[in-house]
Amino acid sequence: MTDLQEKVADLVALSVDEVVTEAYAKDVPLPDGGVLALVTLDNGRDHTRPNTLGPRSLLALETVLLAQKERAARGEIAGLAVTGKPFILAAGADLSQVGSIPDRATALQLAQLGHRVLGHLGELGVPTFCFINGLALGGGLEIAVNADYRTIDASAPAVAFPEVFLGIIPGWGGSTLLPNLIGIEAALRVIVENPLKQNRTLTAQQAFDLGIADAILPSASYLERSVAWASGVIAGRTKVERPHAPGRLERTVKWDIAIRVARKSLESKIGTVPKSPYAALDLLAGAKKATNRAAVLAGFRAEDEALADLLAGDQAAASLYAFDLVQRRAKRPAGAPDKALAKKVTKVGVIGAGLMAGQFALLFARRLKVPVLITDLDQARVDAGVARIHGEIAKLAERGRVNPDEANRLRATITGTTAIADFADCDWVIEAVFEDLGVKQQVFANVEPHLSPEAVLATNTSSLSVDAIGADLAHPERLVGFHFFNPVAVMPLVEVVKAAKTDDAALSTAMVVAKNLKKNAVITKDAPGFVLNRVLAKVLGEAMHAVDTGTPFEVVDHALDPFGLPMSPFELLDLVGLQVGAHVLDTHHAAFPDRFFDSANLHALADAGVLLDKDDKGEVKGFDKRALAIVKRSLPKDTTPMTAEAFRLRVEDGLADEIHRMLEDGVVAAPEDIDLCLVLGAGYPFQAGGITPYLDRVGASERAFGGTFHTPPIRGAAHR
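For what it's worth, this note's numbering labels the leading residue of the sequence shown as 1, then goes sequentially.
The hints are simulated quantities; they were obtained by calculation from the structure and are not laboratory data. In this text the structure is predicted, and so the values were computed from the model without any measurement. Heads up, a few of these hints could be off.
[As the list claims (entries may be wrong)] Think about it this way: if two alpha-carbon atoms lie no more than 20 Å apart in a straight line, the pair counts; the simulated DMTMM-like pairs of lysine to aspartate or glutamate are: (1) K369 to E392; (2) K69 to D27; (3) K264 to D282.
[Stated by the list, open to error] Across the chosen pairs, the derived CB separations fall in these ranges: (4) Q198 to L341: 30 to 36 Å; (5) S100 to L437: 47 to 53 Å; (6) V490 to S100: 34 to 40 Å; (7) R332 to K264: 40 to 46 Å.
The beta-carbon is built from N, C-alpha and C at its ideal position, and this holds for glycine as well.
Kindly generate the complete structure, drawing on both the sequences and the hints.
Structure representation (structure tokens):
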């Protein structure tokens, strides 16, 4: 073991399984004379396994950089550039072993190692460059910002600092260097805002426009032109201007204002539970002082401490767990049959022509690229449905989401009919009608005689029994639940429901269709509410019961703030709709009357159409006075309001009990599937890990059923 390795021995011991990204150096003659040391990062794998930077990879890079530093001192090289294997610079730090970090001290080693290695780029003695030849995320982008200059390939697909999304911060120089390169407002957008917008990334052009890269060059000759550009910089022929770099006015006035505005915005949008966004804000605020190398190094030390705290904490562990679910489990759904059993879908039929049906039709036409036929009770409804879809196509064209040829194809692909016999050549038929058992049974009874034996039937029911819907079908084995979430085009989750009689061919077809629609599918048993609505019904039912028994709306609405949820219970109820919420609660109360409450008040609120008081911009100001009056009139005389803490504990324990029952009953294969549904379908935060890691951490699992959902619980090193 080298001296360098001895300083991070604990990290090296944890990274025995690391896919090492090697650093290969070669000399490239410069057009202006002299030599450029070109360091290429390559882990020896194809594009499906991007370069990552674990401890062994960092040490390999450090060995090369130190050797080149010695050559620079001897005058053997005029500059150094780092680039990556084809199409990929680096996807960031290798976080696969973060869950094995035993303590904060080891987490601190990882932060310090990254700074030590990448910091050599700022102290090499010759100009340093990063040629961003492709994907550059997290630590990969930090290689770039630690270098003196940067070029970017015009086709680079994604440039980003996703760390805040993962419960950590850019901790190898990004939080300190980026705002001093592109200004505080742009840095806030890249480091804080974009990760919280479903991990939004930058295109190459956007990165260049912000000033992250000094030059953007075409792909066909990217490396050659980058070398020529670097030669011009070294020779003094090419002057690099950085108009976005902060000046005195920005540092003295605008910087602090931007931080205050960003903090206030975060508090209003996500609350104060997530730690990483606020840690990033603190580092970005301190970066204002990083105007010389000593101050930059002080900023790096602050990054070390912040990253160590977060890596050793619960939220990073939960975030990485959730990220792994989305990246791995969602792509390999538990219980999915062989995709070779799937039937070919060449035409889709949609029963219904309302808003939801229109969303289905457009999605199927865009993603599957097959004809789509919609139907309804009369021609007027069909015509209105087709016209509405055409209007949506026009909006897509106006926004540049589809080109004119694609818009024309979609308009020609989606047609309507009132003759159910026209569905005879449809391979996949999905209903989007009113959430009523009798109505759904009737529409399938009407269409089944006209379909080929190979056609698969799908119901979009959110809570009704799929078995009951198919009870009168001649071939119930070809019926599957296919529950979308609204808005259909945006929400990534589909609950695929395997009823008792659903055969593997229908289930496999549903899974392949979901994949081709670019949705993540979770297979569930046919049980009330399936996964997502059952969990949401538990929360909403408890919230309404608390109000019904005298707990003030305001107490209930903020009692669950420690969950860190994207919205409060009553904001969620307002979003899904009071009528829908009442129906979902009624369904669950009918199925489990001992655990789910019905609510006469909710029906009264739905009939009156009142709940939240909003301003002209739709911002919630409080609760509608009429809603408060409706509930007040029905309160029993002997009400006993709950405290916020008591209500929160009741919800936590109730959720732990209900989810445990769902798993015992085989509704899904594992707790991971519950969390995947909540993350993808309800926006539950990564920093909570969905719901089951949170319930384990707060002791609800132990209180509810005497165990935990995960063994060991998903916790950071500081809390194990």
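Are S100 and L437 spaced within 47 to 53 Å by their CB atoms?
-> About 50 Å separates the Cβ atoms of S100 and L437, which means 47 to 53 Å holds.
Cβ-Cβ distance between Q198 and L341: within 30 to 36 Å?
-> holds (33 Å)
Would the pair K69 and D27 pass a check requiring their Cα atoms to be no farther apart than 20 Å?
-> holds (14 Å)
Range hint 40 to 46 Å: satisfied by the CB atoms of R332 and K264?
-> holds (41 Å)
Does the hinted range 34 to 40 Å hold for V490 and S100 at CB?
-> 36 Å Cβ-Cβ, so the 34 to 40 Å window holds.
Is K369 within 20 Å of E392, Cα to Cα?
-> holds (17 Å)
Mind checking the alpha carbons of K264 and D282 for me, to see if they're no more than 20 Å apart?
-> holds (13 Å)
Checked against the numbered hints above, the structure violates none of them.
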